[in-house]
Structure formats: C-alpha cells, structure tokens
Amino acid sequence: MSATVQTLEAMERPPVTMTSRLEGELLEVSMGPQHPSTHGVFRMNVALEGEIVRKLKPVFGYLHRNHEQIGEHTTYLGSMPYTDRLDYFCSMTNNWAYALSVEKLAAIEVPERAQYLRVILAELTRLQNHASLLGFLLSDMGAWGTPLMYAFREREKILDLFESLSGARMMCDYMRFGGCRVDASDEWLAAAKKIVDRFPKFLDEFGELILGNEIVIARTQNVGRLSADLAVSAGITGPMLRACGVNYDVRKVDGYGFYPRFKFRIPLGEHGDTYDRLMMRALEMRESVEILKQALALIQPGPILNSKVKIRAFRPPVGEAYGRIEAPKGELGFYLISDGGPNPYRYRVRPPSFINLTILEDMCLGHVVADVMVILGSVDIVMGEVDR
Amino acid sequence: MSEIDEKLRTELQRQGIWVTSMQELYNWGRKNSIWPLQFGLACCAIEMIATAASRYDIARFGGEVFRPSPRQADLMIVAGTVTKKMAPQIVRLYNQMADPKYVIAMGACAISGGPFKQGYNVLKGIDRYIPVDVYIPGCPPRPEALLHAFMELQRKIDGQKLTGTDKAEFLKPEQLSEFPVPKFGEHDLEPPANRDVFQPPKLERV
Numbered sequence: 000m001s002a003t004v005q006t007l008e009a010m011e012r013p014p015v016t017m018t019s020r021l022e023g024e025l026l027e028v029s030m031g032p033q034h035p036s037t038h039g040v041f042r043m044n045v046a047l048e049g050e051i052v053r054k055l056k057p058v059f060g061y062l063h064r065n066h067e068q069i070g071e072h073t074t075y076l077g078s079m080p081y082t083d084r085l086d087y088f089c090s091m092t093n094n095w096a097y098a099l100s101v102e103k104l105a106a107i108e109v110p111e112r113a114q115y116l117r118v119i120l121a122e123l124t125r126l127q128n129h130a131s132l133l134g135f136l137l138s139d140m141g142a143w144g145t146p147l148m149y150a151f152r153e154r155e156k157i158l159d160l161f162e163s164l165s166g167a168r169m170m171c172d173y174m175r176f177g178g179c180r181v182d183a184s185d186e187w188l189a190a191a192k193k194i195v196d197r198f199p200k201f202l203d204e205f206g207e208l209i210l211g212n213e214i215v216i217a218r219t220q221n222v223g224r225l226s227a228d229l230a231v232s233a234g235i236t237g238p239m240l241r242a243c244g245v246n247y248d249v250r251k252v253d254g255y256g257f258y259p260r261f262k263f264r265i266p267l268g269e270h271g272d273t274y275d276r277l278m279m280r281a282l283e284m285r286e287s288v289e290i291l292k293q294a295l296a297l298i299q300p301g302p303i304l305n306s307k308v309k310i311r312a313f314r315p316p317v318g319e320a321y322g323r324i325e326a327p328k329g330e331l332g333f334y335l336i337s338d339g340g341p342n343p344y345r346y347r348v349r350p351p352s353f354i355n356l357t358i359l360e361d362m363c364l365g366h367v368v369a370d371v372m373v374i375l376g377s378v379d380i381v382m383g384e385v386d387r
Numbered sequence: 000m001s002e003i004d005e006k007l008r009t010e011l012q013r014q015g016i017w018v019t020s021m022q023e024l025y026n027w028g029r030k031n032s033i034w035p036l037q038f039g040l041a042c043c044a045i046e047m048i049a050t051a052a053s054r055y056d057i058a059r060f061g062g063e064v065f066r067p068s069p070r071q072a073d074l075m076i077v078a079g080t081v082t083k084k085m086a087p088q089i090v091r092l093y094n095q096m097a098d099p100k101y102v103i104a105m106g107a108c109a110i111s112g113g114p115f116k117q118g119y120n121v122l123k124g125i126d127r128y129i130p131v132d133v134y135i136p137g138c139p140p141r142p143e144a145l146l147h148a149f150m151e152l153q154r155k156i157d158g159q160k161l162t163g164t165d166k167a168e169f170l171k172p173e174q175l176s177e178f179p180v181p182k183f184g185e186h187d188l189e190p191p192a193n194r195d196v197f198q199p200p201k202l203e204r205v
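Going down the list, the protein sequences come from chains U and A. For the record, in the first sequence the residue sitting at position 231 is 230 according to numbering that gives the first Met the number 0, with numbers rising by one throughout. For the record, in the second sequence the residue sitting at position 79 is 78 according to numbering that gives the first Met the number 0, with numbers rising by one throughout.
These are calculated hints, taken from the structure and not from any lab test. Treat each hint with caution, since some may be false.
[To be verified] Here are a few chain U residues that face chain A, going by a calculated C-beta distance under 8 Å: (1) G39; (2) R64; (3) I69; (4) Y87.
Virtual Cβ for every residue (Gly too), placed ideally from N, Cα, C.
Go ahead and model the full structure; you've got the sequences and the hints to work with.
Structure below.
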C-alpha cells in the first residue's frame with residue numbers, strides 16, 4: 000500500500016517553532032481504549048514528532064464478542080437478535096442484510112408490502128445514523144454538546160417510530176426471512192410521513208448552523224485526504240468512497256429490494272477530505288428523505304410475511320450465499336455456508352466500518368493529533384461492528 | 000451527631016431559620032453532583048449518551064458533567080459488554096478513581112455477560128472484579144432505567160453516615176479502594192474472579 004506521507008510545506012501549516020532536545024525522536028502515545036473521542040473502545044498507538052503524527056497503529060479487539068462463532072452455534076433465526084448488536088446504531092439495516100443473505104440461500108420471495116417496509120425502515124435508520132454521526136463528529140471537533148443535542152432530538156423521534164413498530168428503541172429485531180415481523184398500522188405510516196416531511200427543516204437548520212461554519216471548514220477541509228485509487232484498492236465502501244468521487248452505491252449497483260423503483264441521486268464528493276465526507280452525510284440524508292416520501296406514497300396493504308417459510312425448524316438447502324446491502328456506513332454483507340443443518344456451517348460478516356478503518360493511518364499521517372480524532376470521526380465507526 | 004427533631008426543624012423553618020446537620024449538607028451536595036466517568040463500552044453507551052442528550056437530560060439530576068478522566072469522576076457507568084481484553088483496563092480505571100466512588104452495571108452484559116455469555120472472550124459480569132452498587136437489567140436498558148438507577152444511587156448516598164460504627168464504607172481506613180488488576184493467563188484472566196469482591200452463588204441442595 001502506498002502510504003502518502005505529506006510534508007509540512009504541502010499542508011500549508013506554520014512550521015514548528017519550538018525546539019526541544021527530543022527533536023527528531025518520536026514520542027509514542029497510546030490513545031484509547033478509554034478516550035472520549037474514539038467512539039467506543041478503540042485504541043491507537045501513535046508515534047508523534049511534536050504534534051505531527053508519523054506512525055499510527057490501530058489496536059482492535061476490545062469489544063470482540065464472538066459474534067461469528069455464536070452465529071455458527073445458534074439457529075438461523077437465533078442469530079437475528081445478535082445482528083442488532085453488530086452496528087448498534089442501525090439494527091434495521093443489519094437485520095435486512097442478514098435476512099437478505101438467508102433469503103438468497105433458501106430462495107425465499109418477499110411480499111411487496113414487506114419490501115416497502117424494509118426500504119422505509121432502512122432509510123429511517125440512515126437518517127438517524129447520519130444525524131448522530133454529524134453530532135459526534137462536531138463534538139470531536141470541540142463543539143461539545145450543542146450539535147449532538149440537535150442530532151439526538153431528531154434521532155429520538157425516529158427511535159419512537161421504531162419503538163412503536165417493533166417494541167424496542169435500538170435492538171429492533173424486526174426483519175424475518177421472507178418479510179417482516181409486525182405490520183405497520185396506518186397511524187404509524189402517517190406518523191412516519193409527518194416526521195419525514197419535517198426532516199428537511201432540521202437539515203436546513205443544522206446546515207445553517209454547522210456546514211458553513213468557519214471553524215468547521217478550517218478543521219475539515221484538506222484534512223485526511225484519501226485518493227480514489229487507494230480507496231478502491233483498500234475496499235472502502237459507503238459515503239467514504241463516494242466522498243472520493245467514486246460512484247458506487249450498492250442500492251444502485253445491486254438494486255436489491257425495491258430500490259430500482261425509486262428515483263434518487265447518489266451524491267459524490269470531489270476531494271476525498273473530511274469536509275467531503277461530512278457533506279456526503281448531509282446530502283445523503285436529503286436523498287433518503289426523497290426515497291422515504293416515495294415509499295410512503297407507494298406502499299399498499301398486503302401480507303408482510305411469506306407464509307411458505309417455516310419459522311420453526313428452518314433448514315436451508317446445502318449451499319452458500321452472500322447478501323449485501325448499502326448500510327449507512329458502507330457495504331454490509333453476510334456470507335453464509337449451509338450444510339443443510341439448523342445452523343450455518345460458516346457465518347461471516349463483512350463489516351463496513353472495520354474495512355473503512357484499515358486506511359486510517361494513510362489518512363492521518365502528517366496531520367496533528369487533534370486532526371486524528373476528526374478523521375476517525377468522519378470514518379464513522381461503531382466498535383460493535385469493527386470487533387464483532 | 001444526632002438526628003434533628005423534625006418538629007423543631009419545621010418550627011424553625013417557619014421562623015426563617017434553616018437548620019441542617021453536617022452529614023445532611025454533605026450528602027445533599029454529593030448526591031446532586033455525581034460526575035460520571037465518560038466511558039462507553041458498547042451498545043448501552045449509546046443509551047447512556049441518549050440519557051445525557053436533549054430528551055432525557057441527566058442534568059436534571061446533577062449528573063451531566065461527564066469527565067473523561069477517572070481522577071475527577073465519582074461514578075463509573077459500566078455500559079456494555081466487558082471483554083476479557085478490556086477487563087484489566089476497567090479495573091485500572093476504577094482504581095484510579097478517587098473515593099468515594101460508585102459503580103452502576105448497565106445492561107445484561109455488564110451484569111452477567113448477557114446474550115454474549117457463551118462467548119470465549121466475554122467476562123461474565125464486572126462484579127467479579129469491582130464492587131457494583133446498582134444493577135440495571137435490559138438489553139439495552141432504556142434511558143428511564145438509567146435515570147432510575149441514578150436516583151437509587153442518590154438514595155444510597157443520602158443514607159450514608161459520616162460518623163459512628165455504621166458509617167459509610169469508604170470512610171473506614173481498612174476498607175479496600177483498589178483491587179488487583181487481572182492479568183492474561185494461559186486460558187483465562189488470572190485470577191478469574193476477585194474473591195474479596197465476588198462470591199459465586201451457592202447451590203443449596205435439599
């Protein structure tokens with residue numbers, strides 16, 4: 000991998016004026032696992048020259064909860080609640096990715112209403128994930144509290160919707176193989192429509208407050224640049240890849256679910272820096288609102304669960320399948336190998352945040368320590384998914 | 000220090016004189032300014048943030064000052080799954096906190112390992128290494144449940160005595176406030192549990 004070490008001159012930063020006897024020597028600092036800005040129990044060993052990062056080594060595994068092994072020892076349906084706890088911000092999209100791969104494995108059809116419900120819930124998840132990400136990112140930059148309060152105000156409204164539908168705020172466990180668990184009432188759909196219609200108002204408000212802010216621009220523009228070539232060769236997906244200008248969205252590429260029926264655009268960045276990644280989330284939320292408006296208008300009454308699927312003693316035929324979706328953080332995939340038994344022979348998760356995190360060093364080299372937190376925040380990681 | 004006669008106190012209050020004892024004043028101050036350690040482990044940490052955020056607003060109970068340093072914190076909210084890799088760090092953080100210190104075990108994982116109990120890398124409850132004051136069940140517990148645990152802790156602090164034979168544990172000089180940090184052994188953490196704190200439940204056979 001070609002590490003791009005940026006020189007100080009290239010970054011147009013004032014040269015270090017303080018001299019010390021340690022000049023030229025590297026100071027090794029361990030950041031994390033208990034750190035207010037590492038988004039969980041993530042640790043980085045950073046070698047510093049003054050304030051400049053010269054080396055960065057991530058240390059994983061502080062939240063390794065044996066997800067894959069547990070998945071291989073429980074039934075197919077028994078793994079569904081565990082997928083909620085992978086990326087605990089987006090339980091609905093995790094459920095969908097897992098359900099999709101089992102549906103591929105056992106060739107199960109999904110009824111129309113369930114497909115629409117899945118799209119609605121996945122896009123609502125994207126809204127709340129991106130909103131809270133922007134809040135967290137700004138707290139990492141030092142705007143401690145206020146943007147997060149605005150973001151969580153919107154998130155709570157969406158969590159109320161999830162709770163009234165599935166019974167849980169965060170761990171929804173909502174999808175089933177061949178459909179969804181509970182049907183949405185007309186009142187629920189009306190409430191969802193109300194929240195979706197009001198969401199652009201929040202985006203305008205948040206955008207006015209934040210996105211043009213001078214400090215935000217100074218802290219993010221030209222910080223943590225990622226080239227499109229490196230991003231593609233490292234397997235980066237999601238908003239991070241699109242911020243580099245690569246047009247790749249699994250919703251368009253695979254067209255899973257009913258996404259081909261909707262009209263929406265994929266926002267693309269240009270520079271691949273932190274500001275582009277931040278803007279990518281803001282723009283994607285607007286597109287999600289468009290999808291939600293269409294889905295809420297198109298949804299028709301009907302069955303929500305394929306009645307031919309066995310819930311108990313579910314045994315898919317021998318074979319293997321890989322189902323992937325565009326989760327809010329990138330391409331989330333589940334790879335399952337079935338030997339005809341009640342539990343998978345192999346159960347593998349392709350976690351977007353873990354793979355997006357692998358190029359953290361390439362983005363951070365040459366920047367100051369304070370920028371590392373901002374770059375890490377813009378990657379959008381959740382440790383439950385990174386360590387599994 | 001004797002308890003104040005309630006009748007006398009109300010009478011004095013009516014006259015515009017507010018009487019209190021050192022213990023009451025001290026505990027009143029302590030219970031309304033609990034500073035939690037800003038420290039999230041897993042899913043429950045998001046509900047902890049939600050508790051601190053706009054809707055639930057833990058500031059109503061005086062607990063909004065989340066401190067990133069254990070030296071400044073009074074309360075450790077163990078929010079999430081404790082893995083065997085993370086457990087030594089948590090015990091070390093607890094040791095670094097200044098007395099009086101309290102622990103809330105938030106969620107099924109922190110209590111017992113929860114849904115991940117069968118995992119080879121998951122600690123079966125943080126109470127194996129450090130004493131826990133309040134346990135909150137749930138996966139994850141709702142913000143209201145965390146607020147309830149917070150209020151229970153305030154009740155506990157309110158009832159702690161400063162003097163006498165039944166004074167609070169942290170005031171006794173012989174009381175341990177630091178616990179040995181477990182190390183990685185060949186198969187498990189060494190020791191697997193701190194016997195000073197944790198006694199495995201005994202099965203009573205009839």
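Now for the hints, and whether the structure bears them out:
1. G39: Interface hint status for G39 of chain U: holds (6 Å vs cutoff 8 Å).
2. R64: Where the cut-off is 8 Å and the nearest Cβ of chain A is about 5 Å from R64 of chain U, the hint holds.
3. I69: Holds, because the Cβ-Cβ distance from I69 of chain U to chain A comes to roughly 6 Å (cut-off 8 Å).
4. Y87: With a closest approach of 4 Å, the Y87 of chain U hint holds.
Checked against the numbered hints listed earlier, the structure breaks none of them; every hint is satisfied.
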